[in-house]
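Participant: Sequence:
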Amino acid sequence: MFAGETNLSFEISKSTEIIDTFKRQTQIEGAPGPALSFSESKKSGLTNDMVLKQIFNTAGPTPYVPTNIKVLRKATNTIETVPLETYISRVIPGEIGDKMGGKTVEQIKEIYRTQAIAARGYATYSTYFDRKHGSSYDVCDSTCCQVYNPNLTNSYATTATNDTAKKIPALVSGSPYNWNIKYVHAFFFNSCSGNTKSCKDVWGTDVSYLVSVSCPYDPTKYAIPATDGHGVGLCQDGTAGYVTNGYLYTDILPHYYTGASVVTGTYN
1 MFAGETNLSF
11 EISKSTEIID
21 TFKRQTQIEG
31 APGPALSFSE
41 SKKSGLTNDM
51 VLKQIFNTAG
61 PTPYVPTNIK
71 VLRKATNTIE
81 TVPLETYISR
91 VIPGEIGDKM
101 GGKTVEQIKE
111 IYRTQAIAAR
121 GYATYSTYFD
131 RKHGSSYDVC
141 DSTCCQVYNP
151 NLTNSYATTA
161 TNDTAKKIPA
171 LVSGSPYNWN
181 IKYVHAFFFN
191 SCSGNTKSCK
201 DVWGTDVSYL
211 VSVSCPYDPT
221 KYAIPATDGH
231 GVGLCQDGTA
241 GYVTNGYLYT
251 DILPHYYTGA
261 SVVTGTYN
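Mind the numbering: the sequence shown is residues 1 to 268 in the UniProt record's numbering, read in order.
Calculated from the structure, these hints are not laboratory results. The reader is advised that the hints may include incorrect statements.
To be verified - The calculated EDC-like cross-link candidates involving lysine to aspartate or glutamate, where the alpha carbons are at most 20 Å apart (straight line), are:
| id | residue 1 | residue 2 |
| --- | --- | --- |
| 1 | 166 | 237 |
| 2 | 109 | 237 |
| 3 | 103 | 206 |
| 4 | 103 | 201 |
| 5 | 109 | 163 |
| 6 | 70 | 130 |
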């Protein structure tokens, strides 16, 4: 159990449920969240009705994830269309930075896997629901969105991307033929001083899965409580600390995105 938390069941969050209906399998990882509705999609050609129909007529909770993502390269003011998984493998190294000191190979792999799922969740939400200012791109290549460098990758990033392909954090309820899924706007940041911040406190919007949670394994301490970054969602230093203490992404992501599960989507 996470320090300071009393209502998380790791017997649930570490479990894997396999549902085999229509002779296909869909994997659900982590504890299911509450029943919530979709917000309006801003992606041209993808409407709420289309998303819900796809979900309700499949064997398990298989939300859409984009096949490609449009990235604004700020230095050249050009837009590149990049396969989603290629994009993720080029985001992880730039976002994680220098957090691998003293870690074992398996711990490094788990940190990368956790970051890959969070980054894919952020990219998916941005593509479908938060396209920047109604523009023709989904994300930019800077810290405004996610740091993307097409020339920056490594074997850990490639392996983590492949291991977690199509996986995103989401809020899930229901049962076969009647799944209800809400995409998670998977914000993340560098470090905090023991507690993350709520979306409401930072941006004035109350979001059920973006609330303040304890982060005892973040080694960063400030004389006055502060964060490096906006402080909402997944703490990267805290994630590294949790992994060092034996936790997996199926534990970590539902902690930072309260009530979320990790689900495997289908490309759209």
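Participant: For each hint, tell me whether it holds in the structure or not.
Facilitator: Cross-check of the supplied hints:
With a C-alpha separation of about 24 Å, the suggested pairing of residue 166 with residue 237 is violated against the 20 Å cut-off. Between the alpha carbons of residue 109 and residue 237 the distance comes to roughly 15 Å, so the proposed pair stays at or under 20 Å and holds. For the given pair, residue 103 sits about 36 Å from residue 206 by alpha-carbon distance, which is inconsistent with the 20 Å threshold. Taking the CA atoms of residue 103 and residue 201, the gap is near 34 Å; set against the 20 Å cutoff, the hint is violated.
At roughly 10 Å between alpha-carbon atoms, residue 109 and residue 163 fall within 20 Å of each other, so this suggested pair holds. At most 20 Å may separate the alpha-carbon atoms for a hinted pair to count; residue 70 and residue 130 meet this at roughly 13 Å.
Violated hints for the displayed structure, listed by number in ascending order: 1, 3 and 4.
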